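Student: These are the residues of each chain, in order.
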Amino acid sequence: MTEFVFYTLAAAAVLSALLCIVQKNPVPSALWLVSTMFALAGIYVLLNAQFIAAMQVLVYAGAVMVLFLFVIMLLNLGHASETDRKRGPVVLVAVLLAAGIAAALFAVRDTSVASLAARVGAPEVASSPLAALPGAGRVQSAEAFTNPIASIARPMFETYLVPFELTSVLLLAAAVGAVVLAKRKL
Amino acid sequence: MTPEMKGFLLLAVLKMVVVFTVVMVGVALLTLMERKVSAWMQNRRGPNRVGFAGLLQPAADGVKNIVKEETYPAEANSFLFILAPALAFIPAMCLSAVIPWAAPVDISLDRTLPLLGHVRYDGRMAMAVADLPIGFLFVLAVSSLGVYGIALAGWSSNSKYSLLGGLRSSAQMISYEVAMGMSLIPLLILVGNASFGDVIKAQQDGLWFILPLTLSFFVFLVAGFAETNRLPFDLPEAESELIAGYHTEYSAMKFSLFFIAEYANMVTVSAMLATLFFGGWDIPGTSWDQNGSTLAAVATGAAMFLKTFFFLFFFMWIRWTLPRFRYDQLMALGWKFLIPLALVYLMIIAVAVWILEAVVGIADPKIKALILFGMNAVMCYVVFFILDRGTLVSGSYRRQVPANVGS
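Residue numbers (my numbering), protein chains in the order written: chain A, 1 to 186; chain B, 1 to 407.
Bear in mind the hints are in silico, worked out from the structure with no lab data behind them. No experiment lies behind these values; they were computed from the predicted model shown. Hints may contain errors.
[Stated by the list, open to error] Partial chain B-side listing against chain A, Cβ under 8 Å, derived: (1) V147; (2) A151; (3) G166.
Cβ coordinates follow ideal geometry from the N, Cα and C atoms, glycine included.
Between the sequences and the hints, there should be enough to build the whole structure, so can you do that?
Tutor: Encoded structure:
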């Protein structure tokens, strides 16, 4: 049952992503991207990471893509023009990227959660983020079901506090930089 | 399939049917109530021709909308034009699935039914279609999707008024979603979980969150009005400027779907206000309402209905009392007042809860809530009576005075 749901969602995600990049009109393209994000949110729910699923829908589908749509509508980009069809280096880059991704997928073909944990030497501590994955610990997955926020917050603010704070500084720098670039005169 | 699985599925389907029917009929009656309330506020009688005292008016409206001719604007993107009303309607309907409408009931079902076979269900059943552990986060996430219907309706109609309505709507939703989400973080600090069950339990142990989190309630209320596109925030469909905004080009049942979605969103926001800040189905001062009996479920259901109904009336009350904001006022209120207020309030509450729990060591949730209530009374006074005079709120209504005025 779980596998059936997973493959349905995965197929939906891949198909929507494909449709997203082959559309000429930006509005349907953005909508297919939203559809991809929904499928990913569904996969997160399957992983018992309900909080991440809610955030995926709230932030990406609900805010980022609405902003995309807003900009597309504001600039009235709904009509394809001849300049959209530049070929040449784009195809080369696409082929190179596809080859790179295929190589990466080939390299990790035998990897499982357990083998990954063994390779990086991660101990099975209570605050391991791997606890969010099924089968990594009964107690943690029970908490992941009753209180998904706490099971995310604990590793984030205990084990990985410093990387988390550094990331937030990085995001702040990006936000400040965007404001400075957009608004020369403050 | 095991009998337990069948019992679970049977009850889930029953709950779905009941909630969907109640919300749809409720929405129909709400349209009548809106017209009756507006008539009452304007010293008129309102609709009173169809049925007894106009009670069948929603049915007449429904029949009219179904048999009316559908119009399609020329050069419209026909697929998105048809999809948009559904995209507005579906999230609105999904939202009513997670709200707990009454206290959980003890059910022991063990019998053989025709067609279904042996069904069994034992234990406490939550009176929500889906009792999700992420609770109100689900509501925030799904309610943010309703904007797709509106924005796409505006874009696909191939009409300038519709496009402007859609643009306004997406800008407004993004702006107020931030304030709405942030106003709920103090609640998360006090409860420690996002599920509705835990939120209600925390309010039964302590006080209703309207008292210890008054300013959160205020921010959530204002953002809720903006998210449902109700007056004074109905700029996406401002009649005096945009004809009917994003649904200018829509007719018949497709138009009706937008209407149903708006009222269903109103029901959800009212139920959220009742659940998060007014104890949900809790009947104050009693504890028998949690004993799991059918009587308790009926009584708590009635309590939940009364609280939700009050906020529905409040929505209409505001609509027929306040005029519409200007667009710059709307943006200023959202970005310059509500978001800073929610941020500062979040920091104050976080520090206060930390001091109360870790430094002073108060464990009793009632005393903690009372102390927070005292703080909130002071903060409300400061925000609404001292800071309001010319510094905080006025950013949203200060006007550019033309140079020749007053000379």
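Student: Look at each hint and say if it fits the structure.
Tutor: Right, here's what the structure says about each hint:
1. Below 8 Å, beta-carbon pairs count as interface contacts, and B/V147 has one with chain A at about 6 Å; its hint therefore holds.
2. Hint status for B/A151: holds, given a least beta-carbon distance of 5 Å to chain A, under 8 Å.
3. At about 6 Å, the closest approach between the beta carbon of B/G166 and any beta carbon in chain A falls short of 8 Å, and the interface hint on this residue holds.
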